[in-house]
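Protein sequence lines, in the order shown, are assigned to chains A and B. Each residue of the first sequence is one higher than the last, beginning at 118 in this note's numbering. Each residue of the second sequence is one higher than the last, beginning at 118 in this note's numbering.
Don't read these hints as lab results, they were simulated from the structure. Among the clues, some could well be false.
The list cannot tell twin chains apart, which means a pair is met if one copy fits it or any two copies do.
Straight-line C-alpha distance at most 20 angstroms; calculated EDC-like pairs for lysine to aspartate or glutamate [claimed, not checked]: (1) K340 / D654; (2) K279 / E193; (3) K311 / D347; (4) K181 / E299; (5) K188 / E744; (6) K665 / E585; (7) K222 / E132.
In this text, all values refer to a predicted model and were calculated from it rather than measured experimentally.
2 protein chains.
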Amino acid sequence: MKSYITIHPWKIIEESFDAELHPNSESLMSIGNGRMGQRANFPEKYSGESLQGSYIGGVYYPDKTRVGWWKNGYPEYFAKVLNSVNWIGINLKIGNKTIDLSKVKFQSFYRELDMQHGILSRSCSFKKKGITYIIDTQRFYSQNHKDQCFLRYEISSDQKAKIEIDAYLDFDVRNSDSNYDEDFWKNHQSKSGKKTSWVRATTKKTKFDVIAAMRTASPNQNKFKTKQKDRSASHVYKVKLTESDSFIFYKYVGICSSFYHEPKQLEGIANDTVKLAEKTGYEEASKAQAKAWKDIWENCNISITGDESAQQGIRFNIFQLMQTYNGEDARLNIGPKGFTGEKYGGSTYWDTEAYCLPFYMSTTSQEIAKNLLVYRHRHLRKAIENAQLLGFENGAALYPMVTMNGEECHNEWEITFEEIHRNGAIAYAIYDYIRYTGDDSYLAEYGIDVLTGIARFWVERVSYSNAERKYVILGVTGPNEYENNVNNNWYTNYIAKWCLSYTAECLSSVKAKHPDRYEELCETLTITDEETKKWKDISERIYEPVSKSGGIYLQQDGFLDKEDLTVEDLSDSDRPINQNWSWDRILRSPFIKQADVLQGIYFFEENFDQETVERNFDYYEPKTVHESSLSPCIHSILAAKLGKQDKAYEMYLRTARLDLDDYNNDTEDGCHITSMAGTWLSIVKGFAGLRIHDGKPAFTPLIPEQWDSYSFKIVFRRSLLEVTVTKTEVTINNLSDTDLEVVFNGRSRNSDAGSIITAKLKP
Amino acid sequence: MKSYITIHPWKIIEESFDAELHPNSESLMSIGNGRMGQRANFPEKYSGESLQGSYIGGVYYPDKTRVGWWKNGYPEYFAKVLNSVNWIGINLKIGNKTIDLSKVKFQSFYRELDMQHGILSRSCSFKKKGITYIIDTQRFYSQNHKDQCFLRYEISSDQKAKIEIDAYLDFDVRNSDSNYDEDFWKNHQSKSGKKTSWVRATTKKTKFDVIAAMRTASPNQNKFKTKQKDRSASHVYKVKLTESDSFIFYKYVGICSSFYHEPKQLEGIANDTVKLAEKTGYEEASKAQAKAWKDIWENCNISITGDESAQQGIRFNIFQLMQTYNGEDARLNIGPKGFTGEKYGGSTYWDTEAYCLPFYMSTTSQEIAKNLLVYRHRHLRKAIENAQLLGFENGAALYPMVTMNGEECHNEWEITFEEIHRNGAIAYAIYDYIRYTGDDSYLAEYGIDVLTGIARFWVERVSYSNAERKYVILGVTGPNEYENNVNNNWYTNYIAKWCLSYTAECLSSVKAKHPDRYEELCETLTITDEETKKWKDISERIYEPVSKSGGIYLQQDGFLDKEDLTVEDLSDSDRPINQNWSWDRILRSPFIKQADVLQGIYFFEENFDQETVERNFDYYEPKTVHESSLSPCIHSILAAKLGKQDKAYEMYLRTARLDLDDYNNDTEDGCHITSMAGTWLSIVKGFAGLRIHDGKPAFTPLIPEQWDSYSFKIVFRRSLLEVTVTKTEVTINNLSDTDLEVVFNGRSRNSDAGSIITAKLKP
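Hey, can you work out the whole structure from these sequences and the hints?
Here is the structure:
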């Protein structure tokens, strides 16, 4: 754990410089606008430890797979998020010497990420040859014009000094996680006009074309020289500083890619983009930026009073999510590290459906949530091909574990081939979306194709056990990746069972409501009554492993053969076990990485009575080491449901401040973007207890002891509700012009348009 | 399958050239002398498909591990068998043009490996500009002077012609399976004196120093020029051929390494070696070579009459084994590809103990078999370190899956960390050695240390299951590598159980017979009575999975949940499944790669009644795809025991001609050296039914229908027996001067020194 960030309700603040923490801060203070983003690297030269990273959504490279031993079915490549053009670069010379910030001793240092306004800034001062220099810089990715980036740089000194500022674009960039130490970019070009400079490169294989155009301006000095190398272009200002005046200059950058524009038009568009940016000017643009973020926060903000640390945590998570994905483009998704690092590659895991979808459904428009589902619909053909690669037939679809364009790009057999429960989460998301939004047109239009592919996968994936006289699912890895290649993982079996019956049900519904579409499906997908009957039959006869007493759903067939230990039996030196134990020892231990049986109970809560939930929670949670960032939130929600308020709060803190306090000792690699949605879930589904009952939002709120109140908004269908929970009561303010029924602690109430209702909390 | 080798009792013959088969023949016709060896590459330039390979026992390179995803416990490197100096090279020029044998059209081509005399030869002719050239070449690795290599080269033409022969040594060699495309050698040197040329290089990291010295001589011409490059040295003969005379020349090479000699003395020794070789001369040396091989064959030959294909097969297997390992050096072992290819790296697998040891025990001296055991004793400390890496303590030893120097160098978690049954085979080999040789001094001197380390491993590796009220072994891979990370693999559990009780028993025996040594053990290994009591206790309470009816030992806990299919349910396009199915599909299928439960029944046969053996054989064999080269022999032996003569013969052919007929479509990578011992086992333990009963060799012979008779010798303690089996009877000729009791079909008989006894075969 590293807790050095100053607590503030709206800001991430670092009040002094520590080189060891710099890579951490680079992750935490990352900025982006949903289309692109970057780590909080220094603009100036910094030869200390740092992970340079600037990323563009959708622009990736298929890095040739690296394995020890090839297994049939492995994908040919792993899609890497690409480190792209460095647009912030500033080479600062004092006299003739380039300043390396890792070599200076800061007299003062202050860095903040202003989450309310979406701006990163840094102030620092240092002495060089007896002269003190003060630098202030801010930058942001525009939320208003998604291809624009702005940087302001101000430098002053306490005596006369000659400095040189070389503001550059640099495309000589590498990924730190290249499998074969390869440069992923080619065809580098650079060019300078009178006012504008450009750099441009193309990705190998995928041929994404990216251009960055730069203009610079200074109120203090018009004159600059352009300078060019193969892969970079600069504007160089030679400046004479005096005691009285600081030197200010602005860097306007337009980054345009062939992901959005025709390659032929790229240069023209980049030109227009940067011209417009300059015309707008930094100060105006930053006001517009603040306004744009105000609009974003309008619906997604969560306020907590009485606990600033919790407040900072939740806002940090929401901020990072919102700058990673804004749902405007159905081709994009929520990468596990967003724009904060390279690790894990790919952009889409099952995290999107299992964790992120509810956040976007409740805080943005229905259309944005829908885009997350359409994303998978677009990949259906590839999911079918992916299944074929593993030997499946007849339209069975297996969605990839990790993907960029629908193709699988993960390559550990026990995950890639076996962690097939991901298919279940994708089906569940359709159900969840329809349940929440009431948009059942989605089903006939898109959802049913995806569900059919998934159902067909399960049909081929189960096998019949003569011993059990049931359908079994052998050789899987469940959500708990600390068990591999197990038989009858309860979660997987349960979600497969559910997928089959739900898909059959959905088909009946499409048949009843959209007979033409049903006809079309029967033809294009050759669905027959016989097939759906088979789905139902298998669904009814899928084996569900339970303990002999019937009280515990078994994580897998052999779970009870494991030693009956809990996390309390571990010593400090054992933890985290994934860093201290060999893999085989982890596998045969009873310790659980993340919710597995409990993930299923969380999804299908309405199918289990409270005692069953509690019995399983009390059995599994004590065995769980929460070494996945996705783990604490599910436990927090279930604990809240069970009235285990302390456990719920403990788990909340682990998810909310996971990156800020560096719980897993890996923030330097980037933030855990997808699990951030889990923090939101912990409050809204956990503490406030939001569920959907019969198409109505239902709440069973509680409030952590440490808090005075908390408040959030949810978009529900055509309504916008503001929910405020205090120590004693819950208030719902219907901010929309649509009346609505809501449920408090099981009792239905009318929430009329524009009105406020309140209820007492359960004691 | 590729069956193009001419059937011959003593030779491997190829009667025409087919470029596609060339890499296959390069493997099959590999030659060596236990210390070094090489593939049957052409001396001349050949730009077609070919795997260049020349290897020196014990000289390896620790190639940096390559994995997709690092797991704790993985070794840092994989030891690679090294492609070493190319000593056979001959650059043949006609006019000014180097002849590339892949570009000529052979008029005639004949290649043979003479297994009786240990010589590889090739005759071929081709036309160039109207002139026909005939080349004859032979070569061998001396069995008499292990650092010497000999090559004879004769060329003639039907018209006058000018040719140039550039006979070279070349150290510019690479491995084809380098993880990072690295050159494993450095410090290349070359040098030429008046008569001798040298090349030399050192391996990176391991610093093995290898020098090759060459002399050449021709009865036709004294004059040659020397030529040198950085990594090569040549003797160049400019020759005028006439119709009447052929040009003959000899290449004498000495290859010396720091594995045997002081680096400082290497050059001098290489010099002496090659001088001596030249002095001996090719013709004398080849006579001595024939004599040496005659001696080798003396005891290890198996004669089969009535079936030349079977005869060729068994001799091929014995020949390859004998040129791979001769037991003279306890630091060497039997690599899976011997000197025939690079694949698999390392030199030692559990194959050595499970398959090769009985062959060497019966055909060579007791000392040589003992060296195979001492090899593991030498690695005990590393085995303890290897276990520590995985989290074991207290002197627990886990022998590596693959090794060169005792360190693990395999890196697939499901094998490296989980295929722990290898520890059992190493303990079993000690038992088998003592049972066979009667040398129980070995136990006190060496064996007991190894056994203790292994027993301690099992103690820590088992865990107690409350559900079963037994000790279980979770998360293993059994011999059948088509199941990974299973629980309670019967074979592993059984051999662990046996190891614990056997070690306790051995300790008692050491205590009784060697009290001083026992005292010492108690002190150095801190063995206590309490500890051995614990071994016995665990041994008694290890869980053994069996089917409910009790008739079938379960390959693992979940085996009966698998689909009840047999190999007959597979189509041709499915097989081999390891080439046609994805890995997950293989894992969840009921198909078995190699003997698993049956491996245990084979090892511990005396503990099972005939019905149990048969029931399990009939259950498992039909599910077995035999896609490991180690599979058919065990099944052949058990089938023979069960009187299933056809199955025994079918399995025999698969093992005996596995490489010759390229059953697994991979002979081009090299031969399956270790499984070759299985072929010998199939005859001696299978058809002849050799077992050791109460210290006596026991036979229950049968003869395959296709054979008229077969005959082999075994060294048994101080006796040498020649066993001959005909259609009707078995004869034992005691060739030694020691009387002996033997058992025929359960009846004890005296086999007096120098006498012959016979018995009827069981009908």
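Exercise. Find the hints from earlier in the document that the structure breaks and name them by number, from lowest to highest.
Key: 1, 2
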